[in-house]
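Number of protein chains: 8
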Amino acid sequence: MRDILESVADGSLSPTEAEVQLAGYATTDAGRFDAARETRRGLPEAILADGKTPDETATLAVAAVETSGRALVTRASPAHAEAVADALPECDIDRDARAKTVVAYDSPFERPELDASVAIVTGGTSDAEAAGEAAVVLREMGASVERIEDVGVAHLGRVLDHLDTLREADVLVVAAGREGALPTVVAGLVDTPVIGLPVSTGYGHGGDGEAAILGMLQSCTVLSVVNVDAGFIAGSQAGLVARAVSDARNSE
Amino acid sequence: MRDILESVADGSLSPTEAEVQLAGYATTDAGRFDAARETRRGLPEAILADGKTPDETATLAVAAVETSGRALVTRASPAHAEAVADALPECDIDRDARAKTVVAYDSPFERPELDASVAIVTGGTSDAEAAGEAAVVLREMGASVERIEDVGVAHLGRVLDHLDTLREADVLVVAAGREGALPTVVAGLVDTPVIGLPVSTGYGHGGDGEAAILGMLQSCTVLSVVNVDAGFIAGSQAGLVARAVSDARNSE
Amino acid sequence: MRDILESVADGSLSPTEAEVQLAGYATTDAGRFDAARETRRGLPEAILADGKTPDETATLAVAAVETSGRALVTRASPAHAEAVADALPECDIDRDARAKTVVAYDSPFERPELDASVAIVTGGTSDAEAAGEAAVVLREMGASVERIEDVGVAHLGRVLDHLDTLREADVLVVAAGREGALPTVVAGLVDTPVIGLPVSTGYGHGGDGEAAILGMLQSCTVLSVVNVDAGFIAGSQAGLVARAVSDARNSE
Amino acid sequence: MRDILESVADGSLSPTEAEVQLAGYATTDAGRFDAARETRRGLPEAILADGKTPDETATLAVAAVETSGRALVTRASPAHAEAVADALPECDIDRDARAKTVVAYDSPFERPELDASVAIVTGGTSDAEAAGEAAVVLREMGASVERIEDVGVAHLGRVLDHLDTLREADVLVVAAGREGALPTVVAGLVDTPVIGLPVSTGYGHGGDGEAAILGMLQSCTVLSVVNVDAGFIAGSQAGLVARAVSDARNSE
Amino acid sequence: MRDILESVADGSLSPTEAEVQLAGYATTDAGRFDAARETRRGLPEAILADGKTPDETATLAVAAVETSGRALVTRASPAHAEAVADALPECDIDRDARAKTVVAYDSPFERPELDASVAIVTGGTSDAEAAGEAAVVLREMGASVERIEDVGVAHLGRVLDHLDTLREADVLVVAAGREGALPTVVAGLVDTPVIGLPVSTGYGHGGDGEAAILGMLQSCTVLSVVNVDAGFIAGSQAGLVARAVSDARNSE
Amino acid sequence: MRDILESVADGSLSPTEAEVQLAGYATTDAGRFDAARETRRGLPEAILADGKTPDETATLAVAAVETSGRALVTRASPAHAEAVADALPECDIDRDARAKTVVAYDSPFERPELDASVAIVTGGTSDAEAAGEAAVVLREMGASVERIEDVGVAHLGRVLDHLDTLREADVLVVAAGREGALPTVVAGLVDTPVIGLPVSTGYGHGGDGEAAILGMLQSCTVLSVVNVDAGFIAGSQAGLVARAVSDARNSE
Amino acid sequence: MRDILESVADGSLSPTEAEVQLAGYATTDAGRFDAARETRRGLPEAILADGKTPDETATLAVAAVETSGRALVTRASPAHAEAVADALPECDIDRDARAKTVVAYDSPFERPELDASVAIVTGGTSDAEAAGEAAVVLREMGASVERIEDVGVAHLGRVLDHLDTLREADVLVVAAGREGALPTVVAGLVDTPVIGLPVSTGYGHGGDGEAAILGMLQSCTVLSVVNVDAGFIAGSQAGLVARAVSDARNSE
Amino acid sequence: MRDILESVADGSLSPTEAEVQLAGYATTDAGRFDAARETRRGLPEAILADGKTPDETATLAVAAVETSGRALVTRASPAHAEAVADALPECDIDRDARAKTVVAYDSPFERPELDASVAIVTGGTSDAEAAGEAAVVLREMGASVERIEDVGVAHLGRVLDHLDTLREADVLVVAAGREGALPTVVAGLVDTPVIGLPVSTGYGHGGDGEAAILGMLQSCTVLSVVNVDAGFIAGSQAGLVARAVSDARNSE
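Protein chains in written order, with the UniProt record's numbering: chain A, 1 to 252; chain B, 1 to 252; chain C, 1 to 252; chain D, 1 to 252; chain E, 1 to 252; chain F, 1 to 252; chain G, 1 to 252; chain H, 1 to 252.
Among the hints, erroneous ones may be present.
[Unchecked claim] Some, not all, of what chain C presents toward chain A, calculated at C-beta under 7 Å:
1) Ser-144
2) Ile-148
3) Ile-213
4) Asp-229
[Claimed, not checked] Computed beta-carbon distance windows for the label pairs:
5) A:Gly-157 to C:Asp-94: 26 to 34 Å
6) A:Gly-157 to H:Leu-48: 40 to 48 Å
7) H:Asp-191 to G:Glu-168: 41 to 49 Å
Note that these hints are calculated values from the structure, not bench results. If you're wondering where the values come from, they're calculated on a predicted model, not measured in any experiment. For each residue, glycine too, the CB sits at the ideal point set by N, CA and C.
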């Protein structure tokens, strides 16, 4: 600890980095950035822009880049995205407007690389945001990601067209709104773990993803499930499986 | 009306039949049997045994046979079935233990015959009771009934095996519990009306048919739905469609 | 398939039409338009404007017209309607502001014509949007549509005034909000299939259509039901019945 | 108070009656009987047998007879009814097995008599218990009670047959299960207050009276409502209205 | 009927008034105004402004004045109120901004006068809108209205201060949000009918009036209840009781 | 630790007591008894009999007595109570049949004694079980307990009769079912902490304690709340407050 | 009372203060300010700005300062805060923008001082508003407040870092959103009362604080709970406990 | 196929096995046994005894042994277990009374063996049944299973005692009832996938596992979840992950 403090004193370590090394997080005006989680679970710590001002979001993103070399912002409006870009002019910025994510990289940043693949399957265009959030976190964790889009249970043929891709993945994230039956149909076709990601489409009775999540929990095949629209969680859980597989592949 | 009363007076008409002709229903100790509904919608009036004693059920069944030549008892325990059989020794009795229905016929009874067919599709053995209730009311309405059993959304192949039968029916009743996705899958394969029949299987969150009915209401294809376990309603509605088709076939 | 590709090569077939013939759908910037559904179930594929930008809606409408000769847009705001009209200057446009629908026709477009009629019954002016959606899809499927408006269960006389019209229809869609009892009352008066369409009126406990849909599911007569405000589904299901009747009338 | 205590001392007043005069209730081993409510609101205090043992019920009934000359027991099983009769051998016992009520009268007991009438309307036999509970409390309050049974919204004719009776009542209790639409239909036909009494019939989604109570709360006409199966409350509220009318009739 | 038509022909009767006399309602561009309800139940027909444009509201108000001499508009924003006043320049306008009601009277208009009084009790200022709606309809029905405000169950003394006023009323409307206990407390103090009016205050779990309505339905004393914020219904039901009492007082 | 093991070796410490000293709990065939909680929070560790067999309950009670000198069994049927008494023949047994609790004491057992008092208030006899559970745990924690029974919000006088007792307590537990308003009324009368204990009485809509807990959470005065029927938790929380007050009184 | 009126007459007492002394509250154009509650429970009476206009809020704040020397405004937007400051130019203003509270003090104002401490623990930055509301009311009641922030159940180490502070407090308020497990974890570490404060974070199924409040009600340790986001209630209840402890410390 | 039929003809293949090879399932009087699922996903097909008679269960178990060499029966009462043992006298029977499972093996049966480990963590004894179901399916899939029992979030020390075991597992199943916080706490300590298994303990508001499942879905760390009490699903999903890891370890 003395070393760290001396590095701060001689300027070779910023106070933020020192705080991270000592306490596991960085304190900012906009709250705390949890750098330790990267270390603990190997998951990129996401900054949820929704409910924060653009300024708060940017402040946390700066702290994230400073401490972990990368900032992953989810549910970002264009204003959030702009604020992050403005605050980090020297960073590479990867923005996925459909998934509402922004990733800023200190340069040079080395993403981990996993020897495992994940398929992300969606039933319709309204699943794009949640599925995209999953895809971004998986990319950041280093997994190979394969997207299969617009296959719905009312159109069996489309699902069957992708059978090979589905079966080649080490783990699958299957997003679906409305009645949420797609993960069940897909899980019946593969022998790998499937994570159901319910999406808040639908209307009237059982809308806002309620029918979808209940349907996945009641699935007559083997699935595990995350909360409605929880693309970041679904992607991270798939990433943890992928990393376990990758580590196993490269062990001995 | 005078004629009716004179027929009662000279014994050629029972008081029960006279009441039916005048008021549309027969009054018994166990309540009222609604004979008029047969006339009004052409639907056999069912006697729901569940919640009635065997004696009450039998009393209503006797009134039904006397006024309409037929008694259709649903959700009948063995004790209910026995009481009905005992009370109607001269009747032909058709009992379906799995669907928990009993039908007693005055002899000779002429069932209507429709020139239309209905397919009843189920996802698993636990759907048998509700689907069976639908099958019985359809048989009594005179429709040709085709049963397709044990095809589930986690086993696409099984559904596809029955494609021809599914497409030959004039109207379909598709029963499913758990996540309730089978009607959606089937409706995507045919160009005829599909009626979803949710079944109260499932457990935990969304159990007792809740996930199933919500899933069918949220279906991304065209369906109409009845309440959980409402096999009699699903069968009757399919029968009304079948009769409309049959009448149209035979009009000119 | 070679033929299709050669037609594309020589310009006699647009890439969009070719994609539809090969894959069953057309891919656009705004997502996928499912042209195959027209073929599969004979249902016009609706473009749900709600949740899409005017531009996305218009892009999909162009794809729809190009592939099926017709675009049916539901839940369209004035801005959506305008965008569609602007994008398809050569089309006939049929706009129903109350039902919030827009239909654009390639000219000349031949709607199918069914030899069957559907009555659409509403309890009040707040049911107009859902009922209108049903009416538009039925018109596009070719059914004769009879509207009966503003008949409520608290005013029995009004319902009885329309008894003849109700009984002449081959199938009925009955829309109701608040307590949702109108379909039950109507179904007690006819011998044809009735489809209940709950509407999201009402307030406080059981509001937003919840009391209406539960009441229809609990109906003491024979009904099938669609989700709250699902006018398109109710109309389509009635249309499938009407087409079955029409086909039967014109068979031999 | 001294007078009361002296009457106890010389035996002209039982301790129970003295307690009632001083405290407004009688304490028994089975809990407290609230005699004061009779005085306060003019409502007979009911002893709810459900959840009590036959012995506890009988003990409270004895206290009720001793202090108010009458015991009104609701939701009584045959065992409860027998225990009450055994404990009060000198009383007149009025037992309504269908409504599951028992009333025991000290003799001679003078019921109040109101110059007002209440109609109790039911949709089916399963409403009999709740409606019967209402009828008993109204009889005990002294109102004239008219029963109209088995009129359902799917059979408009039956309702209209009773129009005169409905319109002659000063206030109405309308019981209905399933979709609960009968109070709305009835209220549309009369110009007097209607109290809706939802009944716990129905099954599946919205069963156990949920659809019925929500439907009555959403009624598009003027109604007030009590809880599911709350026959005692509905009857008492109607009795309070009847008494107000009766008092007004006899004032001058 | 011929007479009516001839009166129209010679101009002594407007088409609107003729339609009302023949059909019981007036048809306008903004929908139908139900004039017959005034006659049927003696209740002023309210025009619910919420969900209608100011123009539609004004159109219906004009029809109401033309057919019944009075227009009662509820849940009116300032814009609605202004539109009504503009459309009816010759009318007396009574506007209660807190209750969000507007009443326009043809002149001279004779309100009925009832020989009965209603107390309206509220627990807090947030109950003012719902209670005010009840007060306006009661005034229009001709009842004497007494307001008791800001008495809450956490301050028993305040309730007890008004004991005499509470006991003098023929019927009471008691409005309460949050836990909704006030009607129970008040009903324990009077021997007249109490109508509970739950109000959509409260937050978090059980907010929006849910705890209030459930509490009133579970009340351990005798109450009947209307839906959350249904001031118009509560007032009308109290008015029906008041009229019954008034008629009884003035009969013989 | 060596000392402990040696004590076991020489027989001066039982293996159970040794396990408790080392691990904080005792392992039995029926599961684990958490002796450490006594030490940690000073709360007697309750054995919930409901859901366990009489044998399992008795086994855990033996372990409890052996390790903490006392066993507190809640929700005990007569069979549970008997099994506990049989297994601990040398213990003093305190059984409260109404609260369904059994406490067995090693002799001699010294209960703690607190210099603080708790009032437990109930609205009716159906609150007795939950309130009794609270009373027992408070007695075992050493608080003085004052019971105030059968005071309901529909009878304000009864509450006011007990004002002095209510105000003398250091902390109050107020139990109520149905609409759950009693804690609010009581809290309006005292300046000490009130803990609301909702009870699962009530029926129909909002029954099983739902209206009660929601009403307490929405209370317009200051309260904290425990779950429905959680008498043990309410009593323990009141006991923690009482102990804090007692400790403060005796500190200096 | 005569004295009070004479003081008003000679100007030594304002009418507002006189009303408070006589009636316990002050009437303003914006409603009633309940000054008596200060006296009754020793709790500062909060003015909930949410749902009031800035003007109404300021009017009530002026009345509060005039009658109790202090105004505590909760859930205040910047506009509310400004209006209060403008209306009370001579007051000291304490504004906590994060907790959305404003307190205005007449000068000189003497806050009470309690000899007891409260710890307020939060799981994340989104708990800041609710926890801040609790902190402000505790400060106004005179308790010492210790804040422990950003300790979450997914990071056990952080909780354990604060063990000494947690154990030194006399009572704790623990705020948590999402799964709401923090109060359980904290209560397992201390022997003093813990009040759970659920916060309306979270999304999808169980969001808006529902999972948090249910989790706290189901806690496997001893807790009492307030409604979602009810920081004022949680703080006040903790303040009542702190005052009881403080009084006990300083008694003899 | 001819080969199969010839083998049946010459008796070298039973008809049941032939049906399995041709259709993927075996038809019995008690329904269909889905042998193909073993092949398809490598999951043992479980026979859910709950809801089946002992005879039906035994019949399906015989079919299972005949077709896959093994029968796995879940939620078996003692009567179910006995019937299975009686029907398969030649089999090895493994019965876990606590988890209510029975496994019968044809002899000799070779279970697969995976080079991967799963930890199953429970919060209390009431989680034993669900966790045991998971353990049995994992054992049958061939994973190494480590059980960690009775660690609860109110006792952090116990969780930390098992840190090494938790971190050594390749994947974890964490079962918890009540507030369901244990999976969150555990997931914060490991870098491998955690599957939350909510258990239907708890009572009152949020009981029956509702609080537990909502809490897991709202977890502030990364988890996926199965339905309440779905031990078989949780175990199978963990087994699919374990097999993926095992396969990766042994690939090269």
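Against the structure, the hints:
1. Ser-144: 28 Å, violated
2. Ile-148: 24 Å, violated
3. Ile-213: Given a least distance of 5 Å, the restraint on Ile-213 of chain C holds.
4. Asp-229: 6 Å, holds
5. A:Gly-157 to C:Asp-94: 26 to 34 Å: Roughly 32 Å apart at Cβ, these two residues keep to the hinted range, so it holds.
6. A:Gly-157 to H:Leu-48: 40 to 48 Å: 32 Å, violated
7. H:Asp-191 to G:Glu-168: 41 to 49 Å: This hint is violated: roughly 35 Å between Cβ atoms.
This entry does not satisfy hints 1, 2, 6, 7, going by the numbered hints stated previously.
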